[in-house]
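Visitor: Sequences listed follow chains A and B, in order.
Under this note's numbering, the first sequence has 146 at position 146, and the numbering climbs by one with no breaks.
Under this note's numbering, the second sequence has 292 at position 292, and the numbering climbs by one with no breaks.
Hints may contain errors.
Restraint ranges, calculated between C-beta atoms of paired labels, are given here [said to hold, decoys possible]:
#, chain 1, residue 1, chain 2, residue 2, range
1, A, ILE79, B, PRO94, 56 to 66 Å
2, A, PRO117, B, LEU146, 49 to 59 Å
3, B, PRO94, A, ARG59, 51 to 61 Å
4, A, ILE484, B, ASN290, 22 to 32 Å
5, B, LYS339, A, THR537, 20 to 30 Å
6, A, ILE484, B, GLU69, 22 to 32 Å
Capping the alpha-carbon separation at 25 Å, the derived lysine-lysine pairs in DSS-like fashion look like this [claimed, not checked]:
#, chain 1, residue 1, chain 2, residue 2
7, B, LYS156, A, LYS599
8, A, LYS593, B, LYS156
9, A, LYS579, B, LYS378
10, A, LYS579, B, LYS339
11, A, LYS593, B, LYS325
12, B, LYS339, A, LYS597
13, A, LYS597, B, LYS325
14, B, LYS378, A, LYS599
15, B, LYS142, A, LYS516
16, A, LYS599, B, LYS325
17, B, LYS325, A, LYS586
18, A, LYS586, B, LYS339
19, B, LYS378, A, LYS597
20, A, LYS266, A, LYS368
Chain B side only, calculated, beta carbon under 10 Å to chain A, not exhaustive [what the hints assert, rightly or not]:
#, residue
21, SER58
22, ASP296
23, ALA326
24, LEU329
25, ALA345
26, ILE350
27, VAL356
28, MET361
29, ASN363
30, LYS379
Simulated from the structure, these hints should not be mistaken for lab results.
Each residue gets a CB set at the ideal place from its N, CA and C atoms; glycine is no exception.
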Amino acid sequence: MSEVFLNGKFIGNVENAHKFVESFLEDRRKGKIHHSINISFDEVLNQVYVEASRGRAIRPLLVVKDGKSLLTDRHIEQISKGELSFHDLISQGVIEYLDSMEEENALVAFYEEDLTPEHTHMEILPLAIIGLCTSLVPFGNFNQSTRLNAGSKNQKQALGLYVANFLVRMDMDVNVLHEPQVPIVETIMHKSSDYEKHPSGQNVVLAIISFDGYNMEDSIILNKGSIDRGLARSSYFRPVISEELRYSGGLIDEISVPDKDVKGYKSERDYRLLEGDGIIFPEAVVAEGDVVIGKTSPPRFLSSLDEYNLTTSSRRESSMTIKHGERGVVDFVLLTENEEGNKLVQVRLRDQRIPEIGDKFTSRHGQKGVVGMIVDEKDMPFSASGIIPDIIFNPHGIPSRMTISHLIEMVGGKAGALSGRYVDGTSFESEKHEDLRKELASLGFREDGTETFYNGRSGEMLKAQIFVGDMYYLKLKHMVANKIHARARGPIQLLTRQPTEGRAKEGGLRLGEMEKDTFVAHGASLLLKERFDSDRTIVPVCEECGLIAIHDEFKNRSYCAVCGENAVVSNIELSYAFKLMLDELKALGVYPKLMLKDKY
Amino acid sequence: MAADHDSVYEEFEGKIPLNLLDEVRESLPDKCNKTQLKKILEKVYAEYSTSMIEPGESVGLISAESIGEPGTQMTLNTFHFAGVAEFNVTVGLPRIIEILDGRKNISTPMMEIFLKEPYSQGKDIKELAESIRQAEFKDFAKEITLEITEGTLEVKLDMDKLKRVGLNEAALGKIMEKSLKGFTLKIKDDLMTIKSKTKGENISELYKLKEKVKSVYVAGIKGILQVLPVKRENEFVIITAGSNLRDVYKLDFIDKKRTTTNDVFEIEDFLGIEAARQSVINEVFKVIENQGLNVDIRHIMLVADTMTLGGKVRGITRYGVVSDKASVLARASFETPIKHIVEAALIGEIDPLTSVVENVMINQPVPVGTGLPELVSKKQ
Chain A
1 MSEVFLNGKF
11 IGNVENAHKF
21 VESFLEDRRK
31 GKIHHSINIS
41 FDEVLNQVYV
51 EASRGRAIRP
61 LLVVKDGKSL
71 LTDRHIEQIS
81 KGELSFHDLI
91 SQGVIEYLDS
101 MEEENALVAF
111 YEEDLTPEHT
121 HMEILPLAII
131 GLCTSLVPFG
141 NFNQSTRLNA
151 GSKNQKQALG
161 LYVANFLVRM
171 DMDVNVLHEP
181 QVPIVETIMH
191 KSSDYEKHPS
201 GQNVVLAIIS
211 FDGYNMEDSI
221 ILNKGSIDRG
231 LARSSYFRPV
241 ISEELRYSGG
251 LIDEISVPDK
261 DVKGYKSERD
271 YRLLEGDGII
281 FPEAVVAEGD
291 VVIGKTSPPR
301 FLSSLDEYNL
311 TTSSRRESSM
321 TIKHGERGVV
331 DFVLLTENEE
341 GNKLVQVRLR
351 DQRIPEIGDK
361 FTSRHGQKGV
371 VGMIVDEKDM
381 PFSASGIIPD
391 IIFNPHGIPS
401 RMTISHLIEM
411 VGGKAGALSG
421 RYVDGTSFES
431 EKHEDLRKEL
441 ASLGFREDGT
451 ETFYNGRSGE
461 MLKAQIFVGD
471 MYYLKLKHMV
481 ANKIHARARG
491 PIQLLTRQPT
501 EGRAKEGGLR
511 LGEMEKDTFV
521 AHGASLLLKE
531 RFDSDRTIVP
541 VCEECGLIAI
551 HDEFKNRSYC
561 AVCGENAVVS
571 NIELSYAFKL
581 MLDELKALGV
591 YPKLMLKDKY
Chain B
1 MAADHDSVYE
11 EFEGKIPLNL
21 LDEVRESLPD
31 KCNKTQLKKI
41 LEKVYAEYST
51 SMIEPGESVG
61 LISAESIGEP
71 GTQMTLNTFH
81 FAGVAEFNVT
91 VGLPRIIEIL
101 DGRKNISTPM
111 MEIFLKEPYS
121 QGKDIKELAE
131 SIRQAEFKDF
141 AKEITLEITE
151 GTLEVKLDMD
161 KLKRVGLNEA
171 ALGKIMEKSL
181 KGFTLKIKDD
191 LMTIKSKTKG
201 ENISELYKLK
211 EKVKSVYVAG
221 IKGILQVLPV
231 KRENEFVIIT
241 AGSNLRDVYK
251 LDFIDKKRTT
261 TNDVFEIEDF
271 LGIEAARQSV
281 INEVFKVIEN
291 QGLNVDIRHI
301 MLVADTMTLG
311 GKVRGITRYG
321 VVSDKASVLA
331 RASFETPIKH
341 IVEAALIGEI
351 DPLTSVVENV
361 MINQPVPVGT
371 GLPELVSKKQ
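Pulled out of the complex, with its shape left as it was, chain A reads as follows (with noise of 0.2 Å):
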């Protein structure tokens, strides 16, 4: 007697569990029951659970019976013929959909070869044990998982061809890369997920070399030759939006260059990009503060008497500039008007992106570094036969690491280069790299990859003998333009007076509660005093009632509030923090007391 649970609910109780299971099984391979249906018998709780509710995944194996599969070399060749299709062996029970709790009940074999009469499953394909970006890494067998997962988790990171209508689109934030190529180390889910059409890396040849520390923890060195032939170059577009708003009372936003007389009028200068209506022209060279869409909006109250004087302007100036750090080229301008049908303007913005230092590039393998160095072609090192590679890679980067996978890239890509073909590098799969090694040696080259190299400054011969060989290489979305700060002074907050945060407002870098407790424990009293003086003010406090008094610019003169004219008032250094919690206190009702006393 087991009990049986559909979706996580009790519904009642089967007399043979393992009788019921095998002729649910048998049913939904007959087709009686929806393929998406999973059952399991849980032998240790005695309980069967059905399962059809949603978000489940689940994944296609073969069903194997007597240890043989059910997918016969008729099928096979039903299927090249174009005859039968996947859903056919689904009906046909000859593939089956198993979820995480049937899995479980399941034994399920890697090739053919392994099965024996216990196999209830096999897999359609090794390589299905893993997910689209992973099978993306060539050789990936070779690896630790971790590297796997590092290496598919880059890959979505990379640019490339994101979609081939980019021209016409008004995206956020996006990067194409200007000539992406096609791995020549291919696996078969580059063919099968059309990976031609939307490649997103380049093929360069690499050298495993420490060179002189400047690829020291992961960085690389560039080869400043293949950047100025084009390599890794790329394009960031990010649109500019403004529309015309409507508010109470009839009023409305209007885009055109804002008279001079709008509150909040910037300079001349900001606004000599705009045309006539108000909008910039198309392949305007921008930067920080250039003004891309004028705007002037109507007044926030209509309170104050001067704001229905007419003979005045009192809109506000409210256009669209180039943030701080920014700059580009107008791309694109698009006019039109939103679901209101108030006028809607976009620009898009377009800068080209060289390599530098601080850009982030990876191989498929989760070796991912930043750029340390970019070095003169003519310093490079360079091969016997005159090669020189366009990225120098750490050797220190791989036995930490283990990546195998990298290793065999680069010489099945230096055989591919050479022989002028595609290799398959597909996991568990993959041309063998023994053939590979051959393959090279075939070709004149060291089967083992190596070559003598030579140092490009001195000419002198290196001592070692350099793996050298072709692989993918994928620039990644993060570049040191969109990053980099820094500030000395700047913007500070309303109301605490202290510095703005963030880069987007041209913010410090705050120093914090841990930072400060190290300049305590070293003694350095005063110079944590100078660090904390962003917020620093001078108040004048009334000695009698010790509460902020208040100092007459116009007669020069300082007086209290509570204590009246006599009272002594003297001036302090405080934190402008302070005084706002001093302020805030006396909000509360609470009376806080300044006693003040000679220092000397």
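Following the hints, position chain B against chain A.
Guide: Then chain B, alone, in the frame of chain A:
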């Protein structure tokens, strides 16, 4: 000779700590004369002075950093003794937090009981260990049945186990009658019948009685839940889960000098505050040591001093030592600011601004390091 040496020693008393003087006295060669001794002591004094902490050094903050930074590398694991169920010990960061917070109920109280000769060599070690363990009635019952028709409990006793702790069924019966009132006992060989005196029993009442009876304390030391004799180097030690220092000290076969517990509050209660301070140091240092970290013991001593200087053990929490801070602003910046500000406002508390945090808040030099010395000037 020794007499005129004493006058030299007296000269340095108060300059050099006594234990250092004693050390010199012990290691001094016999042929050493007065002038030579004076020279030696002067050198010791000079050496001692240079190793003193300078005024204005932020010792507390440096201790906090020195313990806190290695703390980030500690692994969260509990340690298990092989083969004994429910015998694990909290170690690592959770244990340090537990000690420094001054928790009254620690998660795994534990004792290390050292034994006198000949027991320390393994004589009757199993029996001794077993005699310490707290035994309840249910430990001696093979089977307890509810006789619903009779309204009684029938208990089959485990005579072997009873014999091992030196009891028989009659003695057990006496203990039971002493500690539980309101029922009658009948013993016939290994069968004990328990009947409640209250009339009109129902099943749930009977069940409650059974639970009550099961947890009656019979023998051993209260609080010692598990015992484990282990051989350490060349003697036997009894490790226990559960702790009761006061009662264990009453046993005559233990080595009182070395027997200890990991419960700081029990030590404070039984041996006093100085012992508790040493216990805090030992317990924290034990954890740091077995994590393979290297923290100078003086940092831990400072923390232990801070925790115990009030005469009782208090944790580094807002209810403990932090509540002693003189500055309202410093207390408010630690935890529960509203509570501190409201209370300070009610009594009109004055903040003297003599410590670090409050001076950082108002942007004044903090009185440590270079901020400590001040200019003294005469008023005209």
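Visitor: Hint by hint, note whether the structure agrees.
Guide: A quick look at each hint next to the structure:
1. A:ILE79 <-> B:PRO94: 56 to 66 Å: holds (60 Å)
2. A:PRO117 <-> B:LEU146: 49 to 59 Å: Holds - the Cβ-Cβ distance for PRO117 (chain A) and LEU146 (chain B), about 53 Å, lies within 49 to 59 Å.
3. B:PRO94 <-> A:ARG59: 51 to 61 Å: violated (41 Å)
4. A:ILE484 <-> B:ASN290: 22 to 32 Å: Given range 22 to 32 Å: violated, Cβ gap about 46 Å.
5. B:LYS339 <-> A:THR537: 20 to 30 Å: Hint holds: Cβ distance 29 Å, inside 20 to 30 Å.
6. A:ILE484 <-> B:GLU69: 22 to 32 Å: holds (31 Å)
7. B:LYS156 <-> A:LYS599: violated (85 Å)
8. A:LYS593 <-> B:LYS156: The given pair, whose Cα atoms are some 77 Å apart, is violated under the 25 Å limit.
9. A:LYS579 <-> B:LYS378: With a Cα-Cα distance of about 32 Å, the restraint between LYS579 (chain A) and LYS378 (chain B) is violated, given a limit of 25 Å.
10. A:LYS579 <-> B:LYS339: holds (20 Å)
11. A:LYS593 <-> B:LYS325: Holds: LYS593 (chain A) and LYS325 (chain B) sit about 20 Å apart, inside 25 Å.
12. B:LYS339 <-> A:LYS597: violated (28 Å)
13. A:LYS597 <-> B:LYS325: Measuring from Cα to Cα gives roughly 22 Å; hence the hint holds.
14. B:LYS378 <-> A:LYS599: At roughly 12 Å apart (the allowed maximum being 25 Å), LYS599 (chain A) and LYS378 (chain B) satisfy the hint.
15. B:LYS142 <-> A:LYS516: Answer violated: LYS142 (chain B) to LYS516 (chain A) is near 65 Å, above 25 Å.
16. A:LYS599 <-> B:LYS325: Measuring from Cα to Cα gives roughly 23 Å; hence the hint holds.
17. B:LYS325 <-> A:LYS586: Holds: LYS325 (chain B) and LYS586 (chain A) sit about 24 Å apart, inside 25 Å.
18. A:LYS586 <-> B:LYS339: holds (16 Å)
19. B:LYS378 <-> A:LYS597: holds (15 Å)
20. A:LYS266 <-> A:LYS368: violated (44 Å)
21. SER58: Holds, because the Cβ-Cβ distance from SER58 (chain B) to chain A comes to roughly 5 Å (cut-off 10 Å).
22. ASP296: violated (15 Å)
23. ALA326: Status violated, d = 15 Å.
24. LEU329: holds (9 Å)
25. ALA345: holds (4 Å)
26. ILE350: Holds, because the Cβ-Cβ distance from ILE350 (chain B) to chain A comes to roughly 7 Å (cut-off 10 Å).
27. VAL356: holds (6 Å)
28. MET361: holds (6 Å)
29. ASN363: Holds, about 4 Å.
30. LYS379: holds (8 Å)
Checked against the numbered hints listed earlier, the structure breaks hints 3, 4, 7, 8, 9, 12, 15, 20, 22 and 23; every other hint is satisfied.
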